[in-house]
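Residue numbers (numbering that gives the first Met the number 0), protein chains in the order written: chain A, 0 to 325; chain B, 0 to 259.
Note that these hints are calculated values from the structure, not bench results. Don't take every hint at face value.
No more than 16 Å apart at the CA atoms, straight line, and that leaves these computed lysine to aspartate or glutamate pairs for EDC-like [to be verified]: (1) Lys221/B - Glu173/A; (2) Lys282/A - Glu256/B; (3) Lys162/B - Glu192/A; (4) Lys229/B - Glu17/B; (5) Lys320/A - Glu247/B; (6) Lys144/B - Glu191/A; (7) Lys200/B - Glu79/B; (8) Lys144/B - Asp246/A; (9) Lys162/B - Asp246/A; (10) Lys58/A - Glu173/A; (11) Lys221/B - Glu170/A; (12) Lys261/A - Asp254/B; (13) Lys243/A - Glu86/B; (14) Lys200/B - Glu17/B; (15) Lys221/B - Glu191/A; (16) Lys320/A - Asp224/A; (17) Lys320/A - Asp254/B; (18) Lys49/A - Glu170/A; (19) Lys229/B - Glu142/A; (20) Lys162/B - Glu191/A; (21) Lys261/A - Glu86/B.
Stretch-level coverage of chain A by chain B, calculated; a stretch enters the list once three of its residues show a Cβ under 8 Å from a Cβ in chain B [stated by the list, open to error]: (22) 28-35; (23) 38-45; (24) 72-84; (25) 101-110.
Glycine is no exception: its CB is placed at the ideal position from the N, C-alpha and C atoms.
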Amino acid sequence: MDKVLVFVETRGDEPRKASLELLCEAEKLAASGKFTVEAVCFGAMSDTLKGKLLASARKLVRFTDPELAAYSPEGYARALAGYAAETGARLVLAGATGTGRDFLPRVAVMLGTGMVSDVTGANWFDEPMTFVRPMFGGKVFAEIAAPASPVVVTARPNSFAMDMPEGVSGEYEERAAGALADAIHTRVVRVEETKGDAVDLTEADLIVAGGRGLKAAENFKLIEDLAAAIGGTVGATRSVVDAKWRDQADQIGKSGKTVSPKLYIGAGISGAIHHIMGMDTSKVVLVVNRDPNAIIFNYANYGIVGDLFEVLPAMTEEIGKRRERG
Amino acid sequence: MNILVLVKQVPDPEALVEIASSGKDLNIEPKFAINLFDEFALEEALRVREKHGGKVKAISLGGSKAIEALRTAIAMGADEAMLIEDEAFAGGDGYNTALALSKALEKETFDIVLAGRQAIDADRGEVPQMVAQFLGLPHVGVVVKLDISDGKAVAESSLEGAKEVVEVALPAVFTAQKGLNEPRVPLITGVMKAMKVQIPKVAVEDLGLTKDVAAPENSKTKIVRYLPPKKRPAVQLIPGEAREAAAEAVRILIDVERVI
Ligand SMILES: Cc1cc2nc3c(=O)[nH]c(=O)nc-3n(C[C@H](O)[C@H](O)[C@H](O)COP(=O)(O)OP(=O)(O)OC[C@H]3O[C@@H](n4cnc5c(N)ncnc54)[C@H](O)[C@@H]3O)c2cc1C
Ligand SMILES: Nc1ncnc2c1ncn2[C@@H]1O[C@H](COP(=O)(O)O)[C@@H](O)[C@H]1O
């Protein structure tokens, strides 16, 4: 049977969503009988977190080395590649999050193998395995064959279904990679949380984004209010970031982040191709623009031609009413 | 401070990209530019040089046309440039690109390698980390601030949701993210210089590689075919004045699409 390793990223007591999605996909591989799956985790683990992960994987391996308490590309890569080599893994998977995309390329080189980054689909049972990934900001998709073994893959968040069957209860193992100290040459001096508790854009299910049509930084309150009402994350266009109305971390598009939410609501955004490239894989798109000819309507499922200063507060209010009614 | 900058020539962000009828090739409008993120890398290299002295050398792997990206680098202020000319390696996967670049870097003396966060053609974001691994060097990815002093660097890395301040000894590799700086526009004197300068070309054989490494049958990953993006159905406009339309939109999201 072929071994699949899924690198699981965690934040406090929570596994990251991109990791859980991959564990769901991996469970299907395990259920097929062709693969065995192990979830691999670094750093601290509370009982709560452990419980959540053991319900999502048939085997969970945690590396306890103190050097893995904080992220370092070299330390993480060494530990993961070392374990992949030792177990003869056929497949090494991680979410295409900032962290996943940062260190998996090093894993590929350590294993002397190829990698496929940011995939949105996979044919795990093909020989060789094939993957689908966007290129040119989503203008085209490429089908990639990966004949080398193992195959190192990062998967775009929100690409695989979150559908873990009931009753999974994995075994737990602790290990040490050993000899990491000499391999690590970067040191995290401090971490500044910029986003509080809101789900990061790249993993968000629900996004409300604003553009220059908001007219001023303080008017983003309208976007924030609607986002809060639906439990979503705020996004922005580049013009708005360049005008310093929003932080760079909020920028969606070619030179910002790529998002794939279940719902993207955009207001006061014209729909420049550079912005579209960052959001076109969103499932449902609703846009508000007062210009009936705005390009963004070509990339939307639903459109309201109107003034965002009236439409957004009305939507926020309506959601409140619906929630009250239950 | 010797600074190397990895620059890739890519189709202009606005260039039309179409799938050829065979499904196995792309027809790309022949408008080219230096990769967006590599401009931030170049600008940062020039700023480090302005502060600490030294040299900036731009290196590209590509076909003969990639010389244009290197001319832009010289026009912006790079001291030197070098083209590794090989279509097959340049058109191959991230692994082969990184392999060829790392072989070239092995022959250089440097303190800092700056690269872009991602090349906006293949959108892989793999090559600089792979180069770092091939060379046994540390890297800091997605950098929005870089300070150099006493043989080390303090870099601010913009991971999702958080900014990490990372210290690393040199030599090291950094990948530039938007927000790091505002790239300068070349001065006319720079453009004149760039037009005249001789840019050396090397072949992969000069780097100790053989062409067959990048042959499709030997590549670790390869593109089988291209697929068009999924088309969204035509937009459904929600009629009515603002309040009515807003209420209807909320109803659709809750009752029809069931996304909130
Ligand atoms: C190389 C490159 C990379 C880029 N990368 C990105 C990127 O990553 N992300 C990105 O977003 N952009 C990017 N851009 C910029 C992009 O081309 C556009 O300039 C930008 O997206 C436009 O932002 P906008 O829609 O907020 O502003 P505008 O284009 O000015 O649009 C504002 C819209 O608001 C509407 N509006 C105004 N008032 C109201 C109102 N009261 N009610 C309703 N609607 C209203 C207007 O009709 C208009 O459509 C990039 C550009 C380049 C050249
Ligand atoms: N062919 C190339 N020549 C020079 N630099 C490259 C090349 N390919 C990638 N790079 C560098 O690596 C960065 C990331 O590229 P990629 O991994 O292809 O997304 C780019 O922004 C460049 O700095």
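Consistency of the hints with the structure:
1. With a C-alpha separation of about 37 Å, the suggested pair lysine 221/B and glutamate 173/A falls outside the 16 Å cut-off, and the hint is violated.
2. A distance of roughly 10 Å separates the Cα atoms of lysine 282/A and glutamate 256/B; the hinted pair therefore holds under the 16 Å criterion.
3. A threshold of 16 Å between alpha carbons decides the hint, and for lysine 162/B with glutamate 192/A the separation of about 6 Å falls inside it, so the pair holds.
4. About 14 Å separates the Cα atoms of lysine 229/B and glutamate 17/B, which keeps this hinted pair within 16 Å; it holds.
5. At most 16 Å may separate the alpha-carbon atoms for a hinted pair to count; lysine 320/A and glutamate 247/B meet this at roughly 13 Å.
6. Pair hint lysine 144/B plus glutamate 191/A holds up; C-alpha atoms about 14 Å apart against a cutoff of 16 Å.
7. With a CA separation close to 12 Å, the supplied pair lysine 200/B and glutamate 79/B stays within the 16 Å bound.
8. Straight-line distance between C-alpha atoms of lysine 144/B and aspartate 246/A comes to about 14 Å, which keeps the hinted pair within the 16 Å bound.
9. Taken as a hint, the lysine 162/B and aspartate 246/A pair is honoured in the structure, with Cα atoms around 12 Å apart against an allowance of 16 Å.
10. Restraint check: the Cα-Cα separation between lysine 58/A and glutamate 173/A comes to about 11 Å, which is no more than 16 Å; the hinted pair holds.
11. A distance of roughly 37 Å separates the Cα atoms of lysine 221/B and glutamate 170/A; the hinted pair therefore is violated under the 16 Å criterion.
12. The suggested pairing of lysine 261/A with aspartate 254/B holds, with an alpha-carbon distance near 15 Å, which does not exceed 16 Å.
13. Taking the CA atoms of lysine 243/A and glutamate 86/B, the gap is about 41 Å. The hint is violated against a cut of 16 Å.
14. For the hint pairing lysine 200/B with glutamate 17/B, the CA-to-CA distance comes to about 31 Å; that exceeds 16 Å, so the pair is violated.
15. The straight-line distance between the Cα atoms of lysine 221/B and glutamate 191/A is roughly 39 Å, outside the 16 Å bound, and the hint therefore fails.
16. A threshold of 16 Å between alpha carbons decides the hint, and for lysine 320/A with aspartate 224/A the separation of about 14 Å falls inside it, so the pair holds.
17. Between lysine 320/A and aspartate 254/B the CA atoms are separated by roughly 14 Å; this keeps the pair inside 16 Å, and the hint holds.
18. Taking the CA atoms of lysine 49/A and glutamate 170/A, the gap is near 10 Å; set against the 16 Å cutoff, the hint holds.
19. Taking the CA atoms of lysine 229/B and glutamate 142/A, the gap is about 14 Å. The hint holds against a cut of 16 Å.
20. Pair hint lysine 162/B plus glutamate 191/A holds up; C-alpha atoms about 5 Å apart against a cutoff of 16 Å.
21. Under the criterion of a C-alpha separation no larger than 16 Å, the hint pairing lysine 261/A with glutamate 86/B is inconsistent with the structure, at around 40 Å.
22. Counting residues of the region 28-35 of chain A whose beta carbon lies closer than 8 Å to any beta carbon of chain B gives 0, which falls below the threshold of three, so the coverage claim is violated.
23. Against chain B, the region 38-45 of chain A contributes 0 residues with a C-beta closer than 8 Å to a partner C-beta. That does not satisfy the three-residue criterion, and the hint is violated.
24. For the region 72-84 of chain A, the stated coverage by chain B holds: 3 residues have a C-beta nearer than 8 Å to a C-beta of that chain, and at least 3 were required.
25. Counting residues of the region 101-110 of chain A whose beta carbon lies closer than 8 Å to any beta carbon of chain B gives 7, which reaches the threshold of three, so the coverage claim holds.
Violated hints, in rising order: 1, 11, 13, 14, 15, 21, 22 and 23; the structure is consistent with all others.
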